Each structure stands twice: as structure tokens, then as C-alpha cells.
Amino acid sequence: MFKSQEMEINMGPQHPSTHGVLRLKLRLDGETVKHCYPVIGYLHRGVEKICENKAFFQGQVWTDRMDYCSAISNNLGWAEAIEKLFGITVPRRARYLRTMLNELNRLNSHLLWLATHAMDIGALTVFLYCFRDREKVLDVFEAFCGSRLTTSAMRIGGLLEDIPEGFEKMVKDTLTDIREGMLEYETLLSENRIWLKRTVGIARLSADDCLAYGVTGPLLRAAGVAYDIRKAHPYAAYDEMKFEVPTKTEADTYARYLVRLEEMRQSISIVEQCLGGLPEGPIMAKLPKTLKSEVGEVYHPTEAPKGEIGYYLVSEKGGVNPYRFHIRTPGFLNLQAIPLMVQDALVADVIAAIGTLDVVLGEIDR
Amino acid sequence: MSYVFDPSSAPNAKVNMPSTAPVPGLAAHIADKKATEAAEEAKWQKTYSDYEAAKTKAESEGAEPPKPPVRPVAKSDAYDMQWPVPKEPEDQDLKTLVELLGESVEETFEQAGELICQINKTAILNALTTCNQEVSLRYEMLSDMTATHYPAGDGYKFSVVYHLTCIRRRKRLRLRVLIPEGFEPESATQVYPGANWLEREIFDMLGIRFANHPDMTRILCPDDWEGHPLRKDYPVVGLGQRNVDFREDRSGKLMRRAMEAAGHLNINLKPIKAD
Amino acid sequence: MQEMTLLQTLLIATIQVILVVTFVFIVVPLTIFAERKVIGFLQQRLGSTRIAGKLVGITALQNRAMWAMGKFPILHYFRGIPGLAGDICKLLFKEDVKPAKADRLVYLIAPAIAMVAAVMTYSVICFHPDPLFTIPASLPIIGEIPIIGGLPVSGVIAEVNVGLLILLGFASVGVYGIVLGAWASNSKYSLLGGLRSAAQMVSYEVPLTISLLVPVVLSGSINFYEMGQLTTLEMSPWAVPSLFVGFFVYMTCGFAETNRLPFDMPEAESELIAGFHTEYSGMRFGLFYLAEYINMSVVAAIASSFFLGGPWLLPFGLQGIAWDFMATHAPSLVELWLVKWIMAPHWFYFVGKIFTLLFVFIWVRGSWPRYRYDQVMAVAWKYLIPLTLVNLVAAGLVRYFA
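Chains as they are written, first to last, in this note's numbering: chain A, 1 to 366; chain B, 1001 to 1275; chain C, 2001 to 2402.
There's no promise every hint is true.
[As the list claims (entries may be wrong)] Restricting the straight-line Cα-Cα distance to at most 30 Å, the calculated cross-link-like pairs of lysine-lysine (BS3-like) are: (1) K2101/C x K25/A; (2) K1087/B x K1033/B; (3) K2188/C x K25/A; (4) K25/A x K2098/C.
Because the hints were derived from the structure by calculation, they are not lab data. These numbers were taken from a predicted model, which means no experiment stands behind them.
Pulled out of the complex, with its shape left as it was, chain A reads as follows (with noise of 0.2 Å):
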């Protein structure tokens, strides 16, 4: 007469805490997952074939609009891959202006990563500060740009501007208040007991595993592999800076959230440092008005605040558009893993992992 049965339920696309429209098939035996399909592309806007479509230049919004919380870092990887196509030489003012503001785009991106999974864990007044103090670098964009999320902050060979006056106090403002203001997220998460509960052994991913799904970012380096692009293959002025790598062996939500916090305090101090070492000279390279490239093929990786983002593009002779523009997003690869990190555990262990996950749906549905 009765009889138990595994339920199948799909956890959005519209739901709270999918960040977006991501979808995940889920097979329940009670509460504890036993099968999870993850399902992507209602955000699919087929960016990389428009950007085939348009002149070398063009591309910059669309990288824009793929990580909408992390848009210099997005424009910095399409830049830096433009400029290893044609070998073009970056003035090196320009390159520590990138440095920073790439640096502060880390910032914008781990607050918004912090107040998101604190609110899906239900933390509510977290989400609030970290806006709070994310208020303040997008005003710094603002201020450099005129825009404050999608940004369009770079160009091929440069920088648009130089940065305006009383840009450096404004910036040195802006670090003392993230830097207070990480300390009450600290007092408010670091050893609340149901955060610990909540976070500690959930959605563990292996350095093994990790390598093997080409999981990269703060979830590589929370399981213990020291593998940061800006110290392995230096890029903008990185090879000048003076930082270190945080890793955690835990490999889980809380290894990774303690990594963040790191990484928020080492991008603080880089961006003193761009400050405090700023080169006076030009910010932009000489260039032809047009660019008319040769055959070419190159892939150029640079670590986004959620790991590894590259870009791919072949070019052809005396052509003024990619021939192929391809673009590797770390949130694609490091979604491909959460049928690991939630096999067997809990419902709110799902939302646990997407949020310690760092998804946005823009970057991974391109």
C-alpha cells in the first residue's frame, strides 16, 4: 500500500538562490540529494559569435556583459589577449592603473560573492554591509569611468583616461572602509556557530577533482593547490607587486570563504602598492587607427576573481575582426563539478555549494 519513491524536483531556473537562471535537476530520496543534473543556457546570448562579427575593438561591451560583477576583469583578459595577438607594448603607467582597478574589481567581486551566500545561508545583515562597502568601489569605477557595473573600462593599448583628480584619496577611503568593514563581517560569520555548522565539510571538492573538472580560483586554491595565474604567468604589472597566494587544505565552503577574505586583504594591499608606486607617463601605446591583423592564434589566461578566465582568438590575414573569438569562463568549468560536491548531501547543502561556487549565469551561459 505504500511505498517510498525518490521525488525529482528542479531547483530553478526560477528560483532565489540559483543567482540567475541556472537550473539543477535534482533526484531526492527525503532531503538527501542522490542525483543532481545541472542545466544551463537560458542566458545564452551567443556573445562569442557577435564578437566574430565586429572589429577587434568592439568586443569590449559584450566582455562586459558575460560576468556583469566582475567587468574590468573580463576587460582586462580581453585586452591583454588583443595585445598578445598583435604584440603590442602596454605603457607600464597604464599597466598598474589595470593593475588596480583590477584588483579593486576583486574587491567588488568577493563582496558580492560574501553578501550573496551569506544571504542564502540566511545571514541577512552580512548581504546589507557587504553592499554597503560595494557601494563605495563602484563609486570608484564611477568615478575613473563614469560607469559603475559594466565598466568598458579598458582599451586595446591602454587606457581611455588617466585617472581624475582626487581619484588616489578617494581609493585610500574606500580601503580603510572595506577594511573595517571585513572585520564585522568577521565578527558576524568567522565563528558564529551556525555558520561554522553550516559551512564546515559542506560541498568538499579535492585537489584531484578539482584538477581533473578544471575547477580553478579560490576552490583550487582552498583545496590546497597554490596555483594563482597572476603569480604563475604574470600579467599587467603583477610581476611587480608584492602578494601572496592563500591557500586552505580543508577543500570546503568555509576553506573557501576563509581564502576569499585572504585574497580581499592581499588585493588591498596590491592596490596601496599600485598607489603608492605609480609610474608618471603615458597610459596609452601607439597605435594604428585601424588594426588589421596577420593569421594568428593565441590563448591568453588571467585570473578572475572566480578563477581562470581566457580568451581565445584566432585571426586572419589583413582581417579587421577575429576570425574566431572563443572565451573560457571559469564559471562553466567550475559548475561542471557540483554534481560532486552535493552527491548525497542535503537541500541546503545545494545552495550552500552554489553559492561557495560564486556562480553568475551571465559568464557561464555567454
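Position chains B and C against the provided structure of chain A, taking the given hints into account.
Leaving out everything else, chains B and C in the frame of chain A:
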């Protein structure tokens, strides 16, 4: 009033098929360079012979001889830009690969600081296994994998590239295979499980099927999508194939409004066929 | 006290019901507003500061007046209060969507069950030990009904001997509203929420009831009014720790019973969208919403009357101890009218304690993350139940020896 978007009359519906297949390579580069130099030399010879002819003509006529032409020198330092050209392989990894794989390596070179190795299309799984397992190579991670459509290619229509990362030695390597239409390369999931979604994306976008893949379905586009968007013969505006089915739309009002909105937004909607 | 006729009883009960319902429906919107404001304060924002009004309505006039006075209108701190009425209006006039495959009857009555059970618990709560006021003898009643006068209208509607049992009974019935509503919605998320709710309520009823047994054991009564009086005024000093632990456990279970944040499993919005009320809209959702807040105030009321001394000032039975202490050691102090007034029972002590506990509910919501479902159950079965059992034994020993 209803408005139905017609993709065939859209401004970008025309497809410009590429006339060349830009597969960068050392041999191709050398050949291209030689051809360019020969063409320049021929041009110069022609200019010079024209000058000689004009000179002898002027001398014979006793008129003022023309000025001798100056051979143009390419300006190299006008811009902060130096195109990175393919170079002979110098890295140890590439030499090791050639040693280990022997005949199946078609070409190795370096460009813009990247190591590139072109593999025979049938030997790709072997090459990946070697790169992953061999102690002196040990590329642990498959960073990226993608493909390119070359409709003008001679003997091949696609290239599939694998970007491997060695975390310990901080090295990156690109493997490349050139495959014809309809060829199914071995799936890399047997070596790198992370290739699963990347191969599904390639299948979705370019229509390359991978043999022995666990789940060869579309990933970004819906399952009933027609065509493969990243092929060069696919128009940017699409083919106009999204059927919108409103279940409880008896008067057709919802459909009409959706069509209007789609028309304004240049989204391709196809009207439902009457049964 | 003379014997009341049936009509008089009914009339008096009606007056009491009107008073209590008015109290509830003033407290609940105030709690909602306070929640917005307090959480806004905790999160460094303003909370609700305005209701929409640009050109029409009172707010528009206010806005224009403030512009005319040169003030920035939208940032007035208490301008959000009319928004509460707006909320109710929105809920009342919103379309009531019913899922096509829902079990219609159960779906419709489930919110009513939750709401009625929540309000009914107020019938046994004692607001004040003495008659609130006396109806003057001169008050005429139209028709042949005799004039009522001189009869006490006490602060409790149903002065029954088993008040605590009634209260616990209604609290359990409230669960049916949630579970039936979740099941009848025919939605998987609702079902998960309902199942969680059922399991959680069953688990937390146990420590909640046992923790309420502590004042029962200590006072030797289950009459609501007597219990409040005895636990406050006639306790030995040995009973204070056990009342304190009982209060702690009761509040913890109260959080779970009202589905508030550290234990809001049935409606964990980031996991189950909205849990049991995912499919509800309009006033049916509003009933669940109001029931939650009424339950909150009930829990606060019970905790303050049993553990925090009700209408007396000092909690945990310290009132009687302090009074005896003063009477023996400083008799002159007891004679002062101010001290007498302070130590006498007042309704605003009771209401003030309720409000303080409601603030604690909101404070916790602003500060803590959410437990996982199995951890919630572990808290109940592994920690709370053993703790309450030990506490109950301790209370029994105190009762026996002291």
C-alpha cells in the same frame, strides 16, 4: 496588427563566407613569408626594370634621366606593435612530445610565447594520455577546449584545440587537430573528465560529435535547435526557428503581442503552423 | 461577586474579545513595522520610509508640504506606517490564485486553521490579575436586557482551570494549517516545507511542553492565572535557576514553533522558495503571514507571564523574593508609595515585556544564519530535550524540598 519577424530580410542575414583558412603554423608562415618576399622582390624588380627602361629611353632621347627609385624599407618602430611570428620549437616539452608520439605529431612551433603541437586526428587520445600521464610532461589540467570552423580549409573543415596546463611547472601547451566534416574525434573525457561540458559546447556550437562521450547533447541551445551557430555559414541573426506555443491562448492575443514585441526586439519568432 | 446571567456573560466575553482582538491587531502591524525598522537599523539602512504618493492622497499632500517647507520628504523616519494599511489593502485586493491541481477545500481552509489557532491562544492569556474596569451601573442596554453593573471584566477571557492545556492544544492545531496547506498546494517545494514543518513541530513540541511543565511543577497548578501569580510571588530562591533554564529553552522552542529565522525550515526562502506558502497569494498568504506574527506575540506573552513575571516587575520569581527580602530587612522602604507602586502589578509591565521579547525575535533574525534541517532536529533531540528533562527533575526537587 501583427508583426512577424522575417529573418531572411534582416540587415545582417547575408553570410560572408571566409575565403581563406587561417590556420597558423610554422610551415605556412615560412611559405607565406617566402611568397610575400618573392612578391615584394618581383615588385621591386619590376619598378627597377621600369626605371631602367625609362632611363635608357631618356638617355637615348637625350632628356633628363628620371630619379632612381628607393627600395621601401618596412617601418618597424612607428607603433608599439610587433606581430609575433611562429618560431622553431625550442622548448623541451615539445621535443619530448615529438620523441614520444613520433609520427603522429604533424607540426610543433612556438608563437607569442605559447607552445603549439599539431597532432594527427586519429592520435589525439593517445597524445592527451601521454601529456597527462608522462612524468616529464604531467599536464594535470585541461584548461580549455574549443574548435574553429574553416570552410575554406583544404582537406579539413575544423580545428579542435586543447589547452593543457601544468600547474607544477607553470607551463601551458596547446594541442591541435585538424579534422574533416563528419569525423568524430575521440572524447577527452576519458583522460580529463572536465572535457565533458566543453565537448558538449563544441557539439552544440559547431556540430562536431565526439566518440565515446558520456552525454553528447546540446548544452547552451535548446535540444530542438536547428543548425550550429558558430559555423561560418550560420547568419548572425539566426534562422528564425523558435516556436512559441501558448497553451491557453484561445483568441491568439498573447501570440500576437509576443510577435509584436519580438519584432521590435529583432528576436526570431516563427508563427505557429495551423494544424 | 454576584452570579452572572448567560446574557451578561456573553456580553462581557464580547467586550473582552473585542479588547483582545484590538490588541492583537494593533500589536501585529506594529511588530511588522518594528521588524522593518529594527532590521533596517541593524543593517544600517532606514527601513520603510514612505508609501507611494506623488500626486494623489494624503502622502502626496505631505510630500508637497515637506517640499514647500524645504525638507527632503522621503526620508522621514516614520512615514512608513501608512504602508502597513497599504499592505493589508494589497493583500485583500490581490487576485487569489489557486493552483489547478490543488485540493480545493483543504487548500482554502488551511490558512484559516493557522490563523484561528493562533488567535484562539489569546483566550487563556491573563493580561492583568485584577478586573480591568467595572461597567458603570448607569449604562443602559436597549430593549428588555437588564442593566449590567458592578460585574468584573477580568483580564482573561476564559478563566479555565486547564488554561495551559488549551494553549498547547491550539498551538498544535496551528501546525495542521501549515501541513495541510503545504500538502494541498500540490507543489513539491510546498510539500518539502510541510514535511519539514511537521517533523520540526513534533520535535519541538516536546521540549516546549516540558519546559512549560517547570512552572507547573513549581506552582502546582495549571490555571493560567494562578500559575503566573504563584511563579512570580511565591518561589524559593532555589527555583530561580530552573525558571531561567526553562525560559531559555522555551524561547528557543518558541523560535522553532513560530518558524523564525534560525529555525525557519518550513519557509527557508533560499532553499524552498517560500516553503509551505509557495502557492498561496493574496489574503490567504496574508493569513499565514499574520498567524506567524500572532504566534510570535503569543510566545512572547506566555514567556513573559510564566517566566518573566507577567504584570509584575521582576522576572524568574525574583519579585516575591525581593519583596520578602525588603519586608524583612527594610520595612520602611516597603511603606513608601513609590516602591509600592513599582512593585504592584501593571499592564504596561506585561506589554513592555512582550515588546522586549518581540525585539529579541527581530534581533535574532537580523544577526544569525539559518540552521540546516537535520541540525535543527539535532538541536531539539540531542540538546534541548535532555536539558529540559534535567531541568524538570531539578524543579521537582525544589518543589519537594523547598
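Quiz prompt | Violated hints, by number in ascending order, as checked against the structure | solution = none
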